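A.B. asks: Construct the complete structure from the given sequences, taking the supplied hints into account.
Protein chains: 2
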Amino acid sequence: MTGSPEVLRMNAGELIRFCSAIFQKLGLSESEATTTAQVLVAADMRGIPSHGVGRLRRYVNGLKTQQMLSNPKQRVLRESASTIVVDAGGGMGPPVSEFVMRKVIEKAEKTHAAFGCVRNSNHFGIAGYYAMQALEHDMIGIAMTNTAALGVPTFGRQVMFGTNPLAFCAPADKHHAFVLDMSTTVVTRGKLEVCDREGRSLSAGWAVDKDGLHAQDPKGILDDMLARRGGGILPLGGAGTEQSGFKGYGLAVMVDILCAVLCGAPFGPEVYGTPESSARVSHFFGALKIDGFSDPQSFRSNMDRMLEGLRNTPLAKGQERVWFAGEQEFENQKKAEKDGVPLSLNTTAILAALGKEYGVEIPNITSQSKGERP
Amino acid sequence: MTGSPEVLRMNAGELIRFCSAIFQKLGLSESEATTTAQVLVAADMRGIPSHGVGRLRRYVNGLKTQQMLSNPKQRVLRESASTIVVDAGGGMGPPVSEFVMRKVIEKAEKTHAAFGCVRNSNHFGIAGYYAMQALEHDMIGIAMTNTAALGVPTFGRQVMFGTNPLAFCAPADKHHAFVLDMSTTVVTRGKLEVCDREGRSLSAGWAVDKDGLHAQDPKGILDDMLARRGGGILPLGGAGTEQSGFKGYGLAVMVDILCAVLCGAPFGPEVYGTPESSARVSHFFGALKIDGFSDPQSFRSNMDRMLEGLRNTPLAKGQERVWFAGEQEFENQKKAEKDGVPLSLNTTAILAALGKEYGVEIPNITSQSKGERP
Chain A
147 MTGSPEVLRM NAGELIRFCS AIFQKLGLSE SEATTTAQVL VAADMRGIPS HGVGRLRRYV
207 NGLKTQQMLS NPKQRVLRES ASTIVVDAGG GMGPPVSEFV MRKVIEKAEK THAAFGCVRN
267 SNHFGIAGYY AMQALEHDMI GIAMTNTAAL GVPTFGRQVM FGTNPLAFCA PADKHHAFVL
327 DMSTTVVTRG KLEVCDREGR SLSAGWAVDK DGLHAQDPKG ILDDMLARRG GGILPLGGAG
387 TEQSGFKGYG LAVMVDILCA VLCGAPFGPE VYGTPESSAR VSHFFGALKI DGFSDPQSFR
447 SNMDRMLEGL RNTPLAKGQE RVWFAGEQEF ENQKKAEKDG VPLSLNTTAI LAALGKEYGV
507 EIPNITSQSK GERP
Chain B
147 MTGSPEVLRM NAGELIRFCS AIFQKLGLSE SEATTTAQVL VAADMRGIPS HGVGRLRRYV
207 NGLKTQQMLS NPKQRVLRES ASTIVVDAGG GMGPPVSEFV MRKVIEKAEK THAAFGCVRN
267 SNHFGIAGYY AMQALEHDMI GIAMTNTAAL GVPTFGRQVM FGTNPLAFCA PADKHHAFVL
327 DMSTTVVTRG KLEVCDREGR SLSAGWAVDK DGLHAQDPKG ILDDMLARRG GGILPLGGAG
387 TEQSGFKGYG LAVMVDILCA VLCGAPFGPE VYGTPESSAR VSHFFGALKI DGFSDPQSFR
447 SNMDRMLEGL RNTPLAKGQE RVWFAGEQEF ENQKKAEKDG VPLSLNTTAI LAALGKEYGV
507 EIPNITSQSK GERP
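Chain order of the listed sequences is A and B.
Using my numbering, read the first sequence as starting at 147 and increasing by one per residue.
Using my numbering, read the second sequence as starting at 147 and increasing by one per residue.
Heads up, a few of these hints could be off.
As the list makes no split between identical chains, a pair holds if one copy fits it or if it spans any two.
To be verified - With a cut-off of at most 27 angstroms between alpha-carbon atoms, the simulated DSSO-like pairs for lysine-lysine come out as follows:
no., residue 1, residue 2
1, K365, K463
2, K516, K484
3, K356, K463
4, K249, K219
5, K320, K480
6, K210, K481
7, K219, K171
8, K356, K337
Since the hints were derived computationally from the structure, they do not count as laboratory data.
In this text the structure is predicted, and so the values were computed from the model without any measurement.
C.D. replies: Laid out in structure tokens, this is it:
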């Protein structure tokens, strides 16, 4: 690596309109297109570019090849006062997810606790986006998804579950909300790809090879894992039992049960994409209305006190700051609102090519600098 | 270590009656005494002796010094069709937990999703016990508790949360249920104590010292941590960010929010015991009725298929078996039902002393052997 990466910035609203216009050219309704664009741009704003507009090409290809359907037959399979199960009909992940989380919140307004599953869906972006829909309703929000299988159980050597992220958020008062948004594997595929690009070997505890032993070579493990020849990413807690890898393994399976088994959808190694068909994934959403348990204003004040305490934890030698979950992302978001959405050169090139292809004008670059996190 | 530890076995029913009789001598009602005894014995049967009858002396001392109250003023603070919050009045953890989980299940029978908090409580034993109450009702069960603060946030050097376990279970059909029951720290205090007894140093990633750096000496870290001089146990994922320790940190805080902040109870470093008063902990319970989402019989069959798949994961070189969460514990339980509850020599001595002190006859030892796991 030489020097810092180039960071370009674009206005958030314009970037959303740009992505939305492209999705509309591919047949999405204005509302679906906008929601999908908002979820992608939110990821870049929060500093999670792996789930941002850099994926636009993949979404576009998905729609072009009909691996993602622009006009899906969406159906409610089961519904009660506090539960809902929706078949997304192979459509885009974000619109159906935003919709089901909204329904879950409506239900929780009445019943204090509500949950929803979405099956037969596609990549939904950052889980935290949907969990955070609950915040302004004085609710705790929950969102999870299963993914194509990339994770290996403790003592195994073959992928049996996805990176299966879970998001959990709770509102505070003066502070940003607590927003945990984490994959249940120790790292995600993106991290392996970065190592591959940068010619670094993998840290111990991240992945196993075809024999189930410590994988060092990122290229080899990526190839073998995706071709299902064996090997894959380890659960949170790493290899074996010394660092309690069985806990991350258990959490990954928990997410798969809630997203997929609960609504009768494919799970575990059944979830995978091929050149002909996308991995049809499932999601799980939940909301708990705080006033079913205690006064929401006291809850928010206590959250402030908790988060304040965590921020002010005495520091380990050599460290500069203790963060609480989501705090860094909110700071990124504030900066992006003010200065524009940070994008890498590579991502900007993808956008420019798509803009040309679909006759949509790409937003102006508002700033260009080195050394900032994209 | 020389040789295998001695393992004695006692009949489960007799051991429950023995513990219950002692609790009754200390003022607990027959029903509360029996529930508390059942939870302790269940831990030993499932192979979790750290939470078993070896704790009887601590519970007895708690009751004698009135750190745990035998006749607490228990109050329902808030209740709705799908939520309940109970102040345990400083009583024993197991009876109020078993009661609130029962209420949560009753509510979920009607509303498909219900949750309860218990505040002002004491040690409740294994979280999995309460989560598993949901299984026979075709529900997913959830149980969590906060604990005295022992865990250090990523980049910190002072304890800010407990080992905060969470349990999640889902019923299968022919197979044992999936029962995840895990602390959200990488290890628990018990593991540090074992290293101390055996003169071993701590693995990297388990704990930090007063400066927030890798702690090797178990005795030093235990002393400093309990006296709040700094240092403590790391979250699942270990130190720093390389193995994603911030994920375990986030999960531990999530458990604290659900157990304590949600019902206005003490959280984080406010939770600790002194010689004069016990750490008043809080719990969280939940149940999701499967038929709010899909047909329970299909769910169970799909769980069988999932668990079967996990068990049959191709093995890493040198490994003998892949387990799913809870499987090993159910096998232990079956053996304990047949052969008796395994107890260490040390635990048996505690029981004998307490039996003598309270005039309760200790159960016969049904077998004695070496080399089995206690």
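A.B. asks: If a hint holds in the structure, say so; if it doesn't, say that too.
C.D. replies: Hint-by-hint comparison with the structure:
Taking the shortest Cα distances, K365 and K463 sit within 27 angstroms of each other only across copies (21 angstroms), while inside one copy they are farther apart (36 angstroms). When the C-alpha separation of K516 and K484 is checked against a cutoff of 27 angstroms, the pair qualifies only within one copy, where the shortest distance is 18 angstroms, while the shortest distance between copies is 68 angstroms. In this assembly of identical chains, K356 and K463 lie within 27 angstroms of each other by CA distance solely across copies; the values are 9 angstroms between and 39 angstroms within a copy. Proximity of K249 and K219 under a CA criterion of 27 angstroms is satisfied intra-copy only: 18 angstroms inside one chain copy versus 40 angstroms between copies.
Proximity of K320 and K480 under a CA criterion of 27 angstroms is satisfied intra-copy only: 15 angstroms inside one chain copy versus 52 angstroms between copies. Proximity of K210 and K481 under a CA criterion of 27 angstroms is satisfied in neither setting, with 34 angstroms inside one chain copy and 57 angstroms between copies. With identical chains, the CA atoms of K219 and K171 are at most 27 angstroms apart within one copy only, with a shortest distance of 19 angstroms there and 66 angstroms across copies. In this homomeric assembly, K356 and K337 come within 27 angstroms of each other (Cα to Cα) only inside a single copy, at 19 angstroms, whereas the closest approach across copies is 32 angstroms.
Violated hint for the displayed structure: number 6, the only one.
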